[in-house]
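Student: Please put together the full structure from these sequences, using the hints given.
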Amino acid sequence: MSDSYDFKSIERKWQDYWSERNLFHVERREDKPKFYYLDMYPYPSGELHMGHVRNYIIGDAFARFKTMHGFNVLHPMGWDSLGLPTENAAIKFDVHPIEWTARCVRNMKQQFDRLGISYDWSREVDTSDPEYYGWTQWLFLQLFKNGLAYRGPGMVNWCSQCATVLANEQVVNGCCERCDTVVERTTREQWFFRITEYAEKLLEDLELLDRWPERVVKMQEHWIGKSRGFSFSVDIEGYDEQMEVFTTRIDTVYGVTFMVLAPEHPLVRTLTEGTEREEEVRDYTRAAMAQSFIDRTSDDTEKTGVFTGAYATHPMTGERVPIWVANYVMMDYGTGAIMAVPAHDQRDFDFARKYDIPVVPVITPEGEELDGEMMTEAYVEDGMQINSGEFSGQPNREALEQIADTLEECGIGHRDVSYRLRDWCISRQRYWGAPIPVIYCDNCGTVPVPEEDLPVQLPEDVEFRVTGSSPLSQNEEFMNVQCPRCGGQGRREADTMDTFVYSAWYYLRYPSPHEDEAPFNREDVDYWLPVDQYVGGIEHATGHLMYSRFITKVLHDLGWVGFREPFASLFTQGMVYKDGAKMSKSRGNVVTPDEINDRYGADTGRLFSLFVGPPDQDTEWNDEGVVGSHRFLWRVWRLATENLEHYESDYAAALPEEGTQSQRAMRRKTHQTAMKVTDDLEGMRFNTAVAAIMELSNDLGDFAGAMAADDTADRAVFSEGLTYLIALLSPITPHICDELWARMGREPSLFECEWPPAQDELAREEAVTIVVQVNGKVRDNVEVAADTEMDAVVPIALASERLAKYIEGKDVVKTITVPGKLINFVVK
RNA sequence: GCCGGAGUGGCGGAACUGGCAGACGCACCAGACUCAAAAUCUGGCGGGGCUAAUUACCCCGUGCGGGUUCGAAUCCCGCCUCCGGCACCA
Numbered sequence: 001m002s003d004s005y006d007f008k009s010i011e012r013k014w015q016d017y018w019s020e021r022n023l024f025h026v027e028r029r030e031d032k033p034k035f036y037y038l039d040m041y042p043y044p045s046g047e048l049h050m051g052h053v054r055n056y057i058i059g060d061a062f063a064r065f066k067t068m069h070g071f072n073v074l075h076p077m078g079w080d081s082l083g084l085p086t087e088n089a090a091i092k093f094d095v096h097p098i099e100w101t102a103r104c105v106r107n108m109k110q111q112f113d114r115l116g117i118s119y120d121w122s123r124e125v126d127t128s129d130p131e132y133y134g135w136t137q138w139l140f141l142q143l144f145k146n147g148l149a150y151r152g153p154g155m156v157n158w159c160s161q162c163a164t165v166l167a168n169e170q171v172v173n174g175c176c177e178r179c180d181t182v183v184e185r186t187t188r189e190q191w192f193f194r195i196t197e198y199a200e201k202l203l204e205d206l207e208l209l210d211r212w213p214e215r216v217v218k219m220q221e222h223w224i225g226k227s228r229g230f231s232f233s234v235d236i237e238g239y240d241e242q243m244e245v246f247t248t249r250i251d252t253v254y255g256v257t258f259m260v261l262a263p264e265h266p267l268v269r270t271l272t273e274g275t276e277r278e279e280e281v282r283d284y285t286r287a288a289m290a291q292s293f294i295d296r297t298s299d300d301t302e303k304t305g306v307f308t309g310a311y312a313t314h315p316m317t318g319e320r321v322p323i324w325v326a327n328y329v330m331m332d333y334g335t336g337a338i339m340a341v342p343a344h345d346q347r348d349f350d351f352a353r354k355y356d357i358p359v360v361p362v363i364t365p366e367g368e369e370l371d372g373e374m375m376t377e378a379y380v381e382d383g384m385q386i387n388s389g390e391f392s393g394q395p396n397r398e399a400l401e402q403i404a405d406t407l408e409e410c411g412i413g414h415r416d417v418s419y420r421l422r423d424w425c426i427s428r429q430r431y432w433g434a435p436i437p438v439i440y441c442d443n444c445g446t447v448p449v450p451e452e453d454l455p456v457q458l459p460e461d462v463e464f465r466v467t468g469s470s471p472l473s474q475n476e477e478f479m480n481v482q483c484p485r486c487g488g489q490g491r492r493e494a495d496t497m498d499t500f501v502y503s504a505w506y507y508l509r510y511p512s513p514h515e516d517e518a519p520f521n522r523e524d525v526d527y528w529l530p531v532d533q534y535v536g537g538i539e540h541a542t543g544h545l546m547y548s549r550f551i552t553k554v555l556h557d558l559g560w561v562g563f564r565e566p567f568a569s570l571f572t573q574g575m576v577y578k579d580g581a582k583m584s585k586s587r588g589n590v591v592t593p594d595e596i597n598d599r600y601g602a603d604t605g606r607l608f609s610l611f612v613g614p615p616d617q618d619t620e621w622n623d624e625g626v627v628g629s630h631r632f633l634w635r636v637w638r639l640a641t642e643n644l645e646h647y648e649s650d651y652a653a654a655l656p657e658e659g660t661q662s663q664r665a666m667r668r669k670t671h672q673t674a675m676k677v678t679d680d681l682e683g684m685r686f687n688t689a690v691a692a693i694m695e696l697s698n699d700l701g702d703f704a705g706a707m708a709a710d711d712t713a714d715r716a717v718f719s720e721g722l723t724y725l726i727a728l729l730s731p732i733t734p735h736i737c738d739e740l741w742a743r744m745g746r747e748p749s750l751f752e753c754e755w756p757p758a759q760d761e762l763a764r765e766e767a768v769t770i771v772v773q774v775n776g777k778v779r780d781n782v783e784v785a786a787d788t789e790m791d792a793v794v795p796i797a798l799a800s801e802r803l804a805k806y807i808e809g810k811d812v813v814k815t816i817t818v819p820g821k822l823i824n825f826v827v828k
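If you read the first sequence in this note's numbering, its first letter stands for residue 1, the second for the next number, and so on.
Worth flagging that the hints you see were computed from the coordinates, not collected in a lab. The model shown is predicted, which means the values in this text are computed figures rather than measured ones. Since no wrong hints were added, every one of them can be taken at face value.
Heads up, simulated BS3-like pairs for lysine-lysine below, C-alpha to C-alpha not over 27 Å straight-line:
(1) Lys145 / Lys201
(2) Lys805 / Lys828
(3) Lys777 / Lys810
Tutor: See the structure below:
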């Protein structure tokens with residue numbers, strides 16, 4: 001062992017040591033409180049960059065800290081390997097996704113290990129493993145059996161080139177991210193999970209998430225988008241059918257001057273088929289549907305529409321109300337049809353003005369007359385009801401309730417709630433996913449695959465590069481299957497499941513990753529779950545996190561788990577930018593951990609990742625900053641190795657009872673740092689924890705420089721300081737700390753050591769500086785013993801020479817004192 | 001438009017429930033060591049004024065404008081800018 005900080009061999013040495021001792025493996029145990037720390041698993045892209053690394057270092061430092069602090073910490077990792085990103089990469093590099101995944105996983109796992117991350121690899125989960133996705137299929141079957149999975153028509157993003165449905169995030173500027181084809185919004189038969197059934201529960205239980213970031217809760221709340229209103233049906237002249245509309249403003253019903261259907265609404269066809277308007281309307285709806293996606297991104301798409309020729313009957317007045325089709329009504333919200341009240345809704349107003357439809361005000365602001373012809377914008381505030389039959393003359397909010405009562409009594413409609421949340425489309429017409437475990441039989445219809453036949457294996461020999469239809473449908477061997485019910489000829493479902501399905505339950509698998517009788521072992525799940533701390537990117541606020549909550553609730557209601565929320569506490573880490581852009585492979589601005597490891601070592605990369613700034617905020621990568629972190633580790637290295645002969649591992653007995661002033665100050669700093677670091681790590685404030693450790697290191701360096709080598713008390717104080725320094729630093733830079741720990745004659749690994757206890761009485765200041773202000777401006781300060789009463793400090797402060805010129809010849813009208821902090825004289 | 005978040009030195013960022021703004025680090029400057037450089041160590045480092053210069057001292061300063069308070073980066077009101085999310089939600 002040389003005296004130089006040879007990080008390469010040190011890091012390799014300790015990584016080997018940890019892995020040989022199987023240090024990071026955990027089991028259930030009752031003698032310690034459990035702690036489940038979970039990082040969102042990555043999709044195996046093949047290479048980590050410092051953006052990911054920051055995230056995983058946060059987790060590792062925290063998990064190590066918790067372990068040392070006495071918790072039984074579950075800290076697992078796995079791979080989100082099934083899905084489009086992997087399939088696309090495989091196509092690009094012309095490899096089979098199985099091979100590609102294996103390669104990427106191998107490399108990334110090595111990268112994780114080189115960073116010294118304390119994962120329990122015996123619990124590794126890989127979603128592309130049939131063991132895993134078989135249980136995902138099992139999950140599908142449970143939802144299916146309970147009416148929560150269904151096949152039906154739904155609005156989807158369809159790329160005709162790739163012949164697949166695209167998730168919203170795969171649509172960029174209205175085009176397919178892969179081939180740039182304009183994406184169509186169309187209706188196709190797809191498999192859905194009925195997440196809307198859980199809209200209310202998902203909303204209500206947000207209250208339980210008091211340790212989630214406020215903004216994530218807000219985003220989910222908004223995403224669910226609950227609004228209370230009224231639904232009712234109106235008759236259509238000359239047709240048997242009725243048209244159902246939803247409104248939040250039933251008080252404005254007397255102001256209805258037209259009705260609007262979304263272009264996709266099935267009634268559009270019914271009402272125009274065979275009429276003279278058929279062609280015009282058909283042309284319009286086609287154009288509207290084709291443009292709708294691209295135009296959605298532009299700020300104010302012009303409202304356009306066309307009259308269907310049909311009339312509805314006003315539910316209160318019996319008047320004829322024309323029915324229009326317009327692009328500003330969306331099929332996937334409410335009923336896809338609205339009652340339009342131009343006087344009191346800005347969108348309806350704009351539309352009415354454009355097409356010369358009458359504007360009839362039914363609510364007026366206090367002391368004002370509204371004239372439908374003269375209005376320049378809709379009046380959307382509250383006011384008095386007018387032109388509203390028996391309801392005229394009262395405040396609109398009261399009228400709203402009465403009109404609702406009346407309509408309910410007549411059986412025309414009912415109070416209703418509408419959600420923005422849509423059902424979750426889980427079908428993908430792609431290869432690299434778990435086959436949806438369903439068989440179609442001419443006799444029996446849609447038949448679920450029996451649980452004992454799971455997993456439905458994804459065949460390897462499939463041409464997945466083709467575009468045109470679901471790749472699996474071309475594999476006859478896979479497709480042809482006996483109907484499990486009648487034994488006749490059946491065909492398998494050729495679609496696979498969406499990536500988000502696998503990730504919606506993976507956290508339940510880690511506690512018992514090898515369980516083969518069930519998706520998870522109930523006892524293990526009961527012990528470890530809910531996740532105590534979940535960490536990941538904010539981009540998953542409304543996707544993954546919503547789906548996971550949903551699946552947990554379903555499993556709860558079916559009796560499979562005992563809790564309703566999977567993640568007790570959530571932390572969203574910031575992204576790493578470089579050259580002003582998010583660090584990503586496609587931008588070519590990545591810094592990889594390998595580069596950092598080679599030049600400075602993993603510990604330096606770890607330290608810098610945590611020191612750059614608050615972990616929940618975005619940060620800019622800075623090459624110079626890394627050097628600073630590296631320098632700090634060198635300083636620690638020298639501080640320890642150059643003073644080894646002064647170090648006593650058995651220092652406790654030699655600690656001075658009273659001690660000199662500098663000894664007391666050193667011990668104070670040591671214990672203050674222990675307090676601060678403990679507190680900061682608990683709150684994941686790594687940047688300030690590191691700063692505090694640096695201060696301790698600086699002070700300890702000064703102390704070491706000044707101490708008398710033969711003074712046992714000095715040596716004991718130094719030894720205590722160094723012991724604390726290395727232990728406090730060890731969750732952050734574990735390799736160098738274990739190495740120094742061993743050289744200090746202590747038993748590694750620090751991972752198994754106790755967290756250094758902070759002693760309050762030693763950390764307490766003996767003297768405090770009292771700031772002396774005159775009229776709020778600092779003019780002096782005085783140093784007094786910490787326990788001095790403020791009353792005793794006032795005369796000392798008043799006697800100050802520096803103060804003299806500010807108070808001379810003036811009256812002290814008021815004296816404000818803050819114990820241990822300051823005195824402020826208010827003078828006139 | 002609505003909902004979040006953020007604006008502090010040249011830079012990243014500190015500052016507990018209102019109490020010395022700028023911890024810690026980077027960059028920079030000066031000095032020591034060196035033939036020299038690197039590394040390392042020591043000191044300095046918000047702006048302005050006063051001073052021959054130093055010490056001391058004074059004024060200003062946390063996006064902008066008001067306010068509350070003995071005292072505001074922190075609380076309140078009104079704006080501006082940037083970032084993120086949602087967006088014709090009936």
